[in-house]
Amino acid sequence: MLLSKQNLMPLLNSLASDVDVFVPTTIDGVKKFARLADGVEPDFDMINTTMPPKDLLFPQTQKMYHFDVDKNGSYHIHEYDESREQIVFGIRPCDMRSIVCLDEVFLTKGFVDEFYANAREKLLTVSIGCTQAAETCFCTSMGVDPIYAPNADVMLQDTGDAYKVTAQTPKGEAAVSAWSEFLSDGDAEPVNCDVTLKVSMEGVVDKLEGMYDSPIWENLSIKCLNCGTCTYVCPTCHCFDISQENRKKDGVRFRCWDSCMFSEYTAMAGGHNPRPEKLERERNRFMHKLNFFERRYGMSLCVGCGRCVEKCPVALDITRLIDDIGSYEVAPASAE
Amino acid sequence: MSAQEIIRARAKELLESGEIATFIGWEAGRFTNQTTPLVITDAADAGKLVFNEYCANTLAKYVTDVLARGKVGLVVRGCDSRAIVRLINDKVIKREDVYLVGVGCPGMKDRKTDEPLKKCTECRHNNPLVFDEMAGENAEKAVPEDRFAEVKEVEAMTAAERTRYFESIYAKCIRCYACRDVCPCCTCRECFVDQRRENWVGKQNNVAENRFYGLTRVMHIGDRCIECGECERVCPMDLPLMKLNRKVIQDMNDLFGEFESGLVISAEPSVLTTYELTDREEFM
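One line per chain: the protein sequences are A and B, in this order.
Under this note's numbering, the residue at position 103 of the first sequence is numbered 103, and the numbers go up by one with no gaps.
Each number in this note's numbering corresponds to the 1-based position in the second sequence with 336 added.
If you are wondering where the hints come from, they were derived from the structure by calculation, not from laboratory data.
There's no promise every hint is true.
[What the hints assert, rightly or not] List time: in silico EDC-like cross-link candidates among lysine to aspartate or glutamate, alpha-carbon distance up to 20 Å:
1) B:K384 <-> A:E218
2) B:K448 <-> A:D323
3) B:K407 <-> B:D381
4) B:K583 <-> B:D446
5) B:K407 <-> A:E218
6) B:K454 <-> A:E218
7) A:K248 <-> B:E534
8) B:K384 <-> A:D323
9) A:K31 <-> B:E352
10) B:K454 <-> A:D45
11) A:K207 <-> A:E310
12) B:K448 <-> A:E329
13) B:K508 <-> A:D81
14) A:K278 <-> B:D574
15) B:K508 <-> A:E218
[What the hints assert, rightly or not] Partial chain A-side listing against chain B, Cβ under 10 Å, derived:
16) G29
17) V30
18) T50
19) Y65
20) N226
21) D241
22) S243
23) E245
24) F262
25) E264
26) T266
27) P274
28) R275
29) E277
30) T319
[Stated by the list, open to error] A short list of chain B residues far from chain A (calculated; beta carbon distances all over 12 Å):
31) P373
32) L374
33) F467
34) R483
35) F484
36) A485
37) V529
38) G538
39) R560
40) S597
The beta carbon of each residue, even a glycine, is placed where N, CA and C say it ideally should be.
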């Protein structure tokens with residue numbers, strides 16, 4: 001099936017009359033996914049958004065429940081479920097891979113996060129393959145195909161004047177059959193996307209096992225400012241903190257994004273901090289991306305979107321770290 | 337010899353002689369015209385140091401991280417030297433803790449657009465104000481005519497417009513705290529936003545909390561801001577933070593006389609940490 005580019009906006013407007021459709025756009029100078037509405041111009045030529053689409057499933061601040069005490073002194077708890085039918089239209093294959101990672105965290109191993117599960121169930125993912133890569137894109141090195149996202153409900157691939165449309169899940173098939181008036185029969189070859197930045201992940205996961213005390217972390221972390229930019233622009237970073245705010249007999253419990261770069265992240269009630277300096281925090285972040293997650297879920301927690309490379313205030317570059325790990329000689333284990 | 341060659345040679349000599357334990361400069365990054373801060377302790381690494389028109393980062397804040405190892409050498413332009421003066425005046429470091437290799441700064445460029453960085457077009461002191469030696473000559477750079485041009489844009493707004501303007505800024509803030517972490521004036525041992533027991537700032541990301549963080553930081557920096565513009569450069573959401581800082585500076589100028597922070601090493605208290613009986617008090 002093909003969707004001609006002329007039919008793209010009519011399709012989006014038709015979809016947006018029923019559900020919230022999120023598209024890549026620029027709002028007040030910030031590139032992000034925003035709800036299609038009057039004055040919101042979708043930009044499907046944008047290579048990638050500055051803010052990742054993870055907040056559609058995992059908002060930066062999410063109310064969990066509200067509680068109050070009535071006149072009789074009885075407690076009441078009111079749960080929040082703000083999930084609703086949503087379509088994310090134009091999500092890139094790297095960001096689709098990040099949703100695979102988030103699904104693992106929030107839905108598997110016996111722990112199901114209700115808030116995430118509700119939002120995920122109601123999200124239709126329509127991915128558009130890339131036709132051009134930024135200099136910071138390195139998705140192919142992380143096992144992502146820039147023109148194909150296997151887990152998207154619907155995959156759109158640019159063929160020039162039209163997108164080749166492939167429904168890949170039952171949800172996607174139902175969607176595409178409802179779009180029939182905008183689609184036409186046919187097939188065309190997708191345009192390729194050349195990703196020039198390449199790193200080798202060969203041996204990196206295993207090598208990191210023996211590198212906990214390597215001087216590489218000191219050299220890397222010394223220039224880190226310990227701000228949270230990399231973690232907040234990262235599509236896979238998913239740490240959160242649960243907190244509450246009370247006013248008289250009312251209160252709300254919420255969770256919000258947290259960052260392992262902050263000293264407060266691991267600070268304990270008694271004052272001890274197991275990751276007191278930026279060396280320990282940096283090591284944890286990159287170990288989590290490149291080793292811990294791989295060990296637990298069998299995949300990398302870095303999808304090669306390049307956002308942290310682009311936005312780090314001090315140009316601390318994960319691709320250079322991967323190169324450095326690759327060329328690092330792990331000392332043989334001592335005979336003790 | 338170029339400034340870069342002098343910097344490399346002097347870093348090597350200073351480390352070899354044991355006069356300093358650490359040297360801070362820049363090295364080339366992976367991408368065209370990209371640089372990144374470099375902290376070295378081994379004289380053999382001095383050859384990695386670069387100095388060119390794309391050295392965007394200021395370096396002074398790293399001094400406190402490596403001071404425990406001994407005296408720190410670093411390259412200073414106008415902004416870096418003012419940051420060092422700030423750290424000394426705020427009693428974070430001592431003058432003898434640092435060895436300053438000054439370098440004339442022509443203003444830095446954005447590596448992607450090749451246009452001058454905004455912070456550099458606004459800079460009024462491009463050459464080092466404090467140094468132990470100079471790597472080459474001072475550089476020429478145009479000084480902006482109006483230091484407060486941006487502030488006037490905000491002042492021209494009506495109160496309602498201004499409220500909307502601030503809301504639009506702080507609706508974008510993601511509270512990564514990069515502005516704080518890069519700032520040479522932000523040297524509190526514990527930042528008020530990290531004081532969770534007191535909970536000055538709630539953890540929810542919304543306009544009210546974000547604005548409270550941002551405006552409190554502006555007031556707290558107050559008379560110490562050296563106008564290096566790093567907060568604005570590093571902000572991933574491109575918030576116009578220098579507009580806010582300069583508004584406070586303009587008000588101080590108006591109330592207490594023309595003032596610029598970090599120009600001279602001095603034990604005198606700064607404008608907002610002292611008072612005189614003749615100070616204006618229109619609001620009382």
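Hints versus structure:
1. B:K384 <-> A:E218: holds, 17 Å
2. B:K448 <-> A:D323: The given pair, whose Cα atoms are some 24 Å apart, is violated under the 20 Å limit.
3. B:K407 <-> B:D381: holds, 18 Å
4. B:K583 <-> B:D446: violated, 25 Å
5. B:K407 <-> A:E218: holds, 19 Å
6. B:K454 <-> A:E218: Violated. K454 (chain B) to E218 (chain A) sits at ~32 Å, over the 20 Å cutoff.
7. A:K248 <-> B:E534: Cα-Cα ~17 Å, so holds.
8. B:K384 <-> A:D323: holds, 17 Å
9. A:K31 <-> B:E352: violated, 48 Å
10. B:K454 <-> A:D45: Given that 20 Å is the threshold and the Cα spacing comes to 27 Å, the pair is violated.
11. A:K207 <-> A:E310: Given that 20 Å is the threshold and the Cα spacing comes to 26 Å, the pair is violated.
12. B:K448 <-> A:E329: violated, 35 Å
13. B:K508 <-> A:D81: violated, 24 Å
14. A:K278 <-> B:D574: violated, 25 Å
15. B:K508 <-> A:E218: Not satisfied, since the Cα-Cα distance of roughly 33 Å exceeds 20 Å.
16. G29: For G29 (chain A), the interface hint holds, since the closest Cβ of chain B sits about 5 Å away, which is under 10 Å.
17. V30: holds, 5 Å
18. T50: Holds: closest Cβ of chain B sits about 7 Å from T50 (chain A), inside 10 Å.
19. Y65: With a minimum Cβ separation of about 14 Å from chain B (threshold 10 Å), the hint on Y65 (chain A) is violated.
20. N226: holds, 6 Å
21. D241: Holds. Min distance 6 Å.
22. S243: holds, 5 Å
23. E245: holds, 6 Å
24. F262: Interface hint status for F262 (chain A): holds (7 Å vs cutoff 10 Å).
25. E264: Holds, because the Cβ-Cβ distance from E264 (chain A) to chain B comes to roughly 5 Å (cut-off 10 Å).
26. T266: violated, 12 Å
27. P274: Result: violated, 16 Å to nearest chain B Cβ.
28. R275: violated, 14 Å
29. E277: Because about 9 Å separates E277 (chain A) from the closest Cβ in chain B, which is inside the 10 Å limit, the hint holds.
30. T319: holds, 6 Å
31. P373: At about 4 Å from chain A, P373 (chain B) fails to clear the 12 Å cut-off, so the statement is violated.
32. L374: violated, 8 Å
33. F467: holds, 22 Å
34. R483: holds, 24 Å
35. F484: holds, 22 Å
36. A485: Answer for A485 (chain B): holds, closest chain A Cβ roughly 19 Å.
37. V529: violated, 9 Å
38. G538: Non-interface label fails for G538 (chain B): nearest chain A Cβ at 6 Å, not farther than 12 Å.
39. R560: Non-interface label on R560 (chain B) holds, nearest chain A Cβ at 18 Å vs cutoff 12 Å.
40. S597: holds, 21 Å
In the structure shown, a violation is registered for the earlier hints numbered 2, 4, 6, 9, 10, 11, 12, 13, 14, 15, 19, 26, 27, 28, 31, 32, 37 and 38, in ascending order.
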